[in-house]
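Single-letter residue listing:
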Amino acid sequence: MKLRKASWLLISLTLILSIFLTACTGNSAKDPEKTPGDDGKKEEEASGPQQGGDLIIGSTGSPTVFNPLYSTDTASSNIEGFIFDSLVSSDTEFNPTLSMAEDIQASDDGLTFTAKLKKGIKWHDGEEFTADDVVFTFSVPKDPDYNGERGSAFEALETVTKIDDYTVEFKLNKKDASFYPVSLSYFILPEHILKDVPVADLGEHEFNTKKPIGTGPFKFVEWKDGEYVKVEAFDDYFQGRPYLDTLTYKIVPDMDAMIAQIQAGDIHFAAGVPGTDIETVKSFPGVKVESGLALSYTYLGYNQKNDLFKDKKVRQAITHAIDREAIVSSVMNGDGKVAHVPESPLSFAYNDDVTVFGYDVDKAKALLAEAGWEDTDGDGILDKDGKKFSFTVKTNQGNKVREDIVVVLQEQLKEVGIEAKPEIVEWSAFIEQISAPNWNYDALVLGWSLSTFPDQYDIFHTSQMEKGLNFVWYSNPEADKLMEEAKQILDQDEYKAAYADIYKILAEDQPYTFLYYPNVHRVMPANLEGYVFHAKDDFYEINKWWLKK
Amino acid sequence: MLSYIIRRILMAIPLLLGITIVSFAIMKLAPGDPASLMMDPTISPADKERFMEKYGLNDPVHIQYFKWLGAMLQGDFGTSLIRKGVPVIEMIMNRMPNTILLMVVSTVLALLISIPFGIISATKPYSKLDYTVTVTSFLGVATPNFFLGLILIMVFAVQVNWFPTGGVATLNAPFSLWDRIHHLILPAFVLASADMAGLTRYTRSSMIEVIKQDYMRTARAKGFKQNKVIYKHGLRNGLIPVITIFGLMIPSFIGGAVIVEKIFTWPGIGLLFVDSAFQRDYPVLMGLTVISAVFVVIGNLIADILYAIFDPRIEY
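Residue numbers (full-length UniProt numbering), protein chains in the order written: chain A, 1 to 549; chain B, 1 to 316.
Just so you know, the hints here were simulated from the structure itself, not pulled from any lab data.
Do not take every clue at face value.
As the list claims (entries may be wrong) - In silico EDC-like cross-links for lysine to aspartate or glutamate, where the CA-CA straight-line distance does not exceed 20 Å:
no., chain 1, residue 1, chain 2, residue 2
1, A, K467, B, D130
2, B, K54, A, D145
3, A, K467, B, D179
4, A, K487, B, D40
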């Protein structure tokens with residue numbers, strides 16, 4: 001009897017153990033047939049692109065509205081990219097390229113743009129695309145009743161007129177270097193469907209959520225709230241029918257669910273997988289990962305309303321005290337590049353010929369001493385006029401790398417006698433605390449995603465302190481003047497030269513400690529062909545993607 | 001009976017009103033607003049301001065509340081702030097069938113598993129079987145939903161691929177009943193697990209109580225078969241406290257659904273609740289609060305009615 005009991009126990013233990021063992025070794029037991037597009041057909045000799053296949057794209061964000069003049073989130077603009085098309089788009093180097101326009105000419109004074117449209121482009125409902133659509137689209141944000149959030153992109157636009165069915169003339173009220181690459185890259189809406197909708201109601205019109213019609217490579221099929229958005233290939237797309245039959249934009253609640261679903265083969269394509277998880281994802285069967293520098297940077301920003309950070313020597317000293325190489329190599333597993341300017345190396349305007357404040361504890365201490373900070377009471381923390389050099393560093397919850405960085409900063413700054421207390425705050429609360437009119441923070445770790453057209457005005461110009469995004473209260477009249485002037489420069493080389501000076505000032509003043517440029521990782525099926533890396537567009541030329549059978 | 005039901009419903013009105021006031025206050029006390037999602041250099045501060053103004057988010061809190069209440073009493077829950085122009089009621093109704101399906105299935109599952117096990121445990125107390133059931137149910141009570149859910153996904157969905165990782169149906173596949181059931185099994189089991197354990201325990205203790213009663217002995221003395229005594233005479237009495245507990249568990253089902261739906265990507269109101277909370281989509285949050293409060297009130301009412309059915313001594 002005793003023996004039987006023991007053996008019973010042994011058997012059940014073995015059973016329990018085996019469950020966990022399967023859990024550990026299960027990877028190799030995956031069925032390979034989960035690769036999308038592989039529907040069991042015999043291998044063909046074909047070397048060119050093959051038609052067919054469905055791609056399931058994972059996203060942690062839910063879309064809101066499929067109307068480029070009203071949407072403000074990434075998921076919506078991703079899907080808009082499938083459905084709509086624009087006059088101008090950008091290539092992998094962010095140079096503007098012509099899409100639905102055949103030719104765009106600027107007048108010598110830079111105040112008139114004349115766009116010739118390509119002929120024979122069809123809307124998804126079969127109507128033809130004409131100048132009326134362009135005029136309609138660009139008139140909406142200029143309408144006094146327009147209540148979307150995209151108005152500032154069209155500030156310089158004065159009038160838009162139809163010359164003939166395939167020619168449109170844009171008149172500007174001031175020179176604007178970003179008009180061609182940014183304003184003209186907005187997606188075009190169908191005039192024949194929306195012309196009778198009052199502009200005040202356009203943002204909430206059912207076109208935006210139930211039946212968007214565009215000229216893009218994919219037609220809208222359905223949106224199952226909280227589940228997915230499905231689009232299918234548009235046969236009459238003006239650049240030729242896309243190779244993929246359908247795209248399903250699947251919404252998942254968080255990155256953990258995303259990774260589990262990639263592993264299970266329920267998601268084929270995912271962008272934005274954090275660098276800390278990418279090695280795990282690479283080991284999944286049937287999956288490949290394409291990586292590159294993202295068009296963004298992460299920084300430590302100083303609240304310059306706060307007396308602690310008013311002196312630029314102090315800010316320079318803190319930068320000297322931070323070992324950014326170590327942050328990139330240890331916190332991020334080397335998945336990034338140390339930054340010295342607020343512009344990505346990918347941009348044409350990038351210039352790193354600036355003062356570099358490398359890791360140097362002694363210099364940091366010397367600079368702090370120059371600024372009058374000394375440890376008079378011997379407690380290891382610097383003080384001045386009876387005030388300790390102690391502050392909190394806030395960052396948003398949910399970004400593991402940033403959460404780790406604030407802790408590392410605490411350690412590194414302790415070396416020079418500065419106490420930096422980490423505080424992690426939920427996103428929406430974080431934004432309210434740090435931005436106008438509260439500015440309730442000492443220092444913060446945050447990132448900026450950059451536009452393909454470089455412009456620092458909104459973030460560093462003095463005019464943007466009270467209400468805008470210059471929530472660190474950085475102000476330098478010389479930089480202000482240069483940023484204002486740059487807005488008037490239409491020539492790319494001159495623009496680059498102007499910005500070289502701006503970056504020099506910004507690097508010298510250190511309104512932020514520019515921490516690093518992160519990498520972006522995109523997970524996709526191993527048999528996906530035609531994919532080209534574009535730092536800003538996860539789905540660059542998706543009409544040319546195809547699945548090798 | 002009818003007058004009791006009407007009285008209960010009337011009593012629920014001030015309760016629901018109180019719930020809306022408290023939820024609205026808490027929601028507004030939380031820092032942040034929907035415009036904080038527009039942290040984007042291409043959106044000007046004036047545009048953000050217009051957004052806040054358009055949806056009345058700059059009004060004093062009590063004005064916002066009365067505006068909302070006034071509209072709600074006329075059956076208008078407003079439109080989403082994030083999903084511009086989409087009526088809240090439409091968003092909730094899109095999700096509701098999924099949540100109801102999940103809750104009904106897991107409720108049935110919890111009852112079907114826990115009551116028989118509770119009874120078996122009670123009829124053979126301190127047996128090996130009883131101990132097994134007891135230990136398992138304690139494990140069930142002690143394991144948090146999200147943990148169990150993640151483990152099950154890791155083992156059964158990702159590693160051995162028996163079940164899907166989440167969602168209600170396979171994408172890009174035609175409708176099939178089996179496919180739907182297949183997707184339902186893990187989330188329903190996880191949602192049922194915690195309450196299942198509790199219900200088993202309550203059934204067991206209440207049945208043990210009942211089995212000792214005189215009328216049970218009398219019934220046996222009359223020569224009825226053991227099974228008949230237990231299931232006919234015993235169960236009816238033994239289930240009365242279980243029904244009370246069950247009524248009290250309905251809120252926990254709704255709360256549990258939030259977690260389970262998030263883990264299993266189940267597109268129900270729980271997932272909508274979480275998303276709306278992070279986006280500060282106030283009208284959707286309020287709509288969901290009202291609807292789940294109504295659910296709880298109705299659930300408790302049903303429990304009270306069942307009470308009367310199972311126990312003829314109770315009259316309302």
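Status of each hint after checking the structure:
{"no.": "1", "hint": "A:K467 - B:D130", "in the structure": "violated, 67 Å"}
{"no.": "2", "hint": "B:K54 - A:D145", "in the structure": "holds, 12 Å"}
{"no.": "3", "hint": "A:K467 - B:D179", "in the structure": "violated, 52 Å"}
{"no.": "4", "hint": "A:K487 - B:D40", "in the structure": "holds, 19 Å"}
Violated hints, in rising order: 1 and 3; the structure is consistent with all others.
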